[in-house]
Amino acid sequence: MLVLSRKLNETIMIGDDIELKIVEVKGDTVRIGIEAPKALEILRGELVTSISATNTEALNLNSDILAKLTKKS
Amino acid sequence: MRKQTKFFGEIEIEEHLVWNFPKGIPGFEEEKEFALLPLEGNELFSILQSLKTKNVAFIVSNPFNMVSDYTFDLDEATIQALEIEKEGDVMVLGVLTVRDPFEQTTINLQAPLIFNVRKKKAKQMILNDEKYGIRQPAIMSVDAKEG
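Going down the list, the sequences are from chains Z and X. Using the working numbering, the letters of the first sequence map in sequence onto residues 851 to 923. Using the working numbering, the letters of the second sequence map in sequence onto residues 82 to 228.
By construction, these hints were calculated from the structure, which means they are not laboratory data. Careful: at least some of the hints might be erroneous.
Using C-beta positions, here's what the derived DEER-type ranges look like [unchecked claim]:
id, chain 1, residue 1, chain 2, residue 2, range
1, Z, Leu852, X, Glu211, 24 to 34 Å
2, X, Arg199, Z, Leu852, 15 to 25 Å
3, X, Lys200, Z, Thr899, 50 to 60 Å
4, Z, Ile882, X, Lys200, 28 to 38 Å
5, Z, Val880, X, Glu110, 20 to 30 Å
6, Z, Gly895, X, Asn136, 21 to 31 Å
7, Z, Val873, X, Val99, 37 to 47 Å
8, X, Arg83, Z, Leu852, 47 to 57 Å
9, Z, Ile862, X, Asp210, 18 to 28 Å
10, Z, Leu893, X, Thr134, 23 to 33 Å
11, X, Asp181, Z, Leu890, 54 to 64 Å
Here's a subset of chain Z near chain X, in silico, CB distances under 7 Å, partners left out [as the list claims (entries may be wrong)]:
id, residue
12, Thr906
13, Leu911
14, Ala917
Listed below are the simulated DSSO-like cross-link pairs for lysine-lysine, each with C-alpha atoms no more than 30 Å apart in a straight line [what the hints assert, rightly or not]:
id, chain 1, residue 1, chain 2, residue 2
15, X, Lys212, Z, Lys876
16, X, Lys212, Z, Lys871
17, Z, Lys888, X, Lys87
Every residue, glycine too, gets a C-beta built ideally from N, C-alpha and C.
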C-alpha cells in the first residue's frame, strides 16, 4: 500500500480527475474532501462491509419461516 | 429456462422475471443474474433468486409499505450503471432479514435494491447518509399483512 503524509489543506491527486483534500484534523478524526467524477461510487468502507454482512444474514432463513409467511396471509 | 431455486425446488423461470445485476450485490459479487419471483399466498413479498447459486435467495418487499415517507436521491453512479433516463424507469425494493418470530423481521433501508424496469438492470445502492438503518424493523408489514 502506498502511504503518503499530508498536512491540513494538502491534497492527493489520483489519476487526472480525482482529488482528495485533508479539510480537518481533530483528535482521531480526519475529514477528507473528495472531488471525483459523479459516476464513481464513493462509500465508507465499513458501510460496505456491514451491507455485505446484512445480505449474508438475510440469506440465513429456512423454508419453515417462508411457509409461515404464506400461510398467515 | 428451468432452474433450481431455494424455496420452490426446480421451476420454470420466464425470461421477463430475470434481472441483470452487473456487479452482483455486496457480499455476492459473483451473482450477476437474479429472478424476481412472486410469493404465492403473500403478495407483499417476493423472492429474489440468484440464477447461479440455488441457495442465494432473498426475501424482498416494497419499502414504501413500511416507511411511507421513505425518500432518497439516486446517485449518479447508479443512474449511469443502470442507464436510468426517467423516474418511471425505476422500481425500488428492500431486502428483508426475516426472523422468527416474524415480528422481529428487519428491512435494509440504507441499501435499497434499484431496478431499471426498461433495461432489466439492477443493483443494490448504498446510501451514504444514515437517515435509514440497515436493520429497520419491518413491523408495518406485519400489520399490513394481517389487516
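Hints and how they fare:
As the Cβ distance of Leu852/Z to Glu211/X is approximately 30 Å, the hint placing it in 24 to 34 Å holds. At about 42 Å, the beta-carbon gap between Arg199/X and Leu852/Z misses the expected band of 15 to 25 Å. Checked against the hint of 50 to 60 Å, the pair Lys200/X and Thr899/Z fails, with Cβ atoms roughly 29 Å apart. Range check, Ile882/Z to Lys200/X: Cβ separation about 34 Å, and the 28 to 38 Å hint holds.
Judged by the Cβ atoms, the range 20 to 30 Å given for Val880/Z and Glu110/X holds: they are separated by roughly 29 Å. In this structure, Gly895/Z and Asn136/X meet the distance hint of 21 to 31 Å, their C-beta atoms being roughly 27 Å apart. Against the hinted window of 37 to 47 Å, the Cβ-Cβ separation of Val873/Z and Val99/X comes to about 45 Å, which satisfies the hint. Between Arg83/X and Leu852/Z the beta carbons are some 50 Å apart, a value that agrees with the proposed interval 47 to 57 Å.
For Ile862/Z and Asp210/X, the Cβ-Cβ distance of about 25 Å falls inside the hinted range of 18 to 28 Å, so the restraint holds. Under the hint 23 to 33 Å, the C-beta atoms of Leu893/Z and Thr134/X, about 25 Å apart, fit the expected range. Range check, Asp181/X to Leu890/Z: about 40 Å between beta-carbon atoms, so the 54 to 64 Å window is missed. Residue-level restraint check for Thr906/Z holds (minimum Cβ-Cβ distance to chain X is 5 Å; threshold 7 Å).
For Leu911/Z, the interface hint holds, since its Cβ comes within 7 Å of a Cβ in chain X; the closest pair sits about 5 Å apart. A hinted interface residue such as Ala917/Z counts as satisfied when its beta carbon comes closer than 7 Å to some beta carbon of chain X; here the least separation is about 9 Å, so the hint is violated. Only pairs whose Cα atoms come within 30 Å are accepted, and Lys212/X paired with Lys876/Z is accepted, the gap being roughly 24 Å. For the suggested pair Lys212/X and Lys871/Z, the alpha carbons sit about 26 Å apart, so the restraint of at most 30 Å is met.
Under the criterion of a C-alpha separation no larger than 30 Å, the hint pairing Lys888/Z with Lys87/X is inconsistent with the structure, at around 38 Å.
The structure shown violates the earlier hints numbered 2, 3, 11, 14 and 17.
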